[in-house]
Amino acid sequence: QKEVEQNSGPLSVPEGAIASLNCTYSDRGSQSFFWYRQYSGKSPELIMFIYSNGDKEDGRFTAQLNKASQYVSLLIRDSQPSDSATYLCAAHSSYKLIFGSGTRLLVRP
Amino acid sequence: DGGITQSPKYLFRKEGQNVTLSCEQNLNHDAMYWYRQDPGQGLRLIYYSQIVNDFQKGDIAEGYSVSREKKESFPLTVTSAQKNPTAFYLCASSAGLNQPQHFGDGTRLSIL
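Chains as they are written, first to last, in our numbering: chain A, 1 to 109; chain B, 1 to 112.
Treat the hints loosely; a few may be bogus.
Taking lysine to aspartate or glutamate pairs in the EDC-like style, the calculated list, with each CA pair at most 16 Å apart, reads [claimed, not checked]:
id	chain 1	residue 1	chain 2	residue 2
1	A	K96	B	E15
2	B	K71	B	E24
3	A	K42	B	D38
4	B	K70	B	E24
5	A	K2	B	D59
6	B	K83	B	E62
7	B	K83	B	E15
8	B	K9	B	E24
9	A	K42	B	D59
10	A	K96	A	E3
11	A	K96	B	D30
12	B	K70	B	D30
13	A	K67	A	D55
Counterexamples of contact, computed for chain B against chain A with all Cβ distances above 10 Å [as the list claims (entries may be wrong)]:
id	residue
14	L27
15	Q41
16	K70
Residues on chain A that point at chain B, a partial pick, calculated with CB under 10 Å [claimed, not checked]:
id	residue
17	V4
18	Q6
19	S8
20	S12
21	F34
22	Y36
23	G41
24	C89
25	A90
26	L97
No wet-lab data here; the hints were simulated from the structure. These numbers come from a predicted model, not from an experiment. All residues carry an ideal CB built from backbone N, CA and C; glycine is no exception.
Could you put the whole structure together from the sequences, leaning on the hints where they help?
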């Protein structure tokens, strides 16, 4: 069974700090990876995707991929209280996305 | 504006009843998906469709059925065979199977 693992948290950081969210995946054949943000009671919102090893930056968000270690991370710089949410990592495996159970992030004012 | 519309937002099912959840997209996406999310868990794939008139079972298809008669529409029926239907149901679409998926606002289904 292909899996995506995330620490459930909560990860608590002060406002303005860097939040680092991590994810590991089991399928070595996975080629594309996605980060979604999900506020309580709402649907997931795509915030980043990455296909190649290395870093990909978009505003305050940086996604990092290391295929050799089967590891994906999301860095959020200058964290804001509005970033408080659950962050879902997903890996594409065969025909479908495999989702982790999410990491809850709390940004303290 | 483009997007994915799910309805209704809340739905209640009686014992022995089938209920249908609607999903419509105007993004011109070929692929559409149905997921189920239980509290504190990730998303599990119920069914997906790559093109009109074709759909495939996901990981937890038992007790569910779908149709894809139009590109824009992918309704999900929760049948009476699904014994634990209480969950948050999410519809998504993407330009292709390996492309980013975008989600509708979801439907919360509960048992009466």
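Hints that the structure is at odds with (numbers, increasing)
Failing hints, ascending: 1, 9, 15 and 20.
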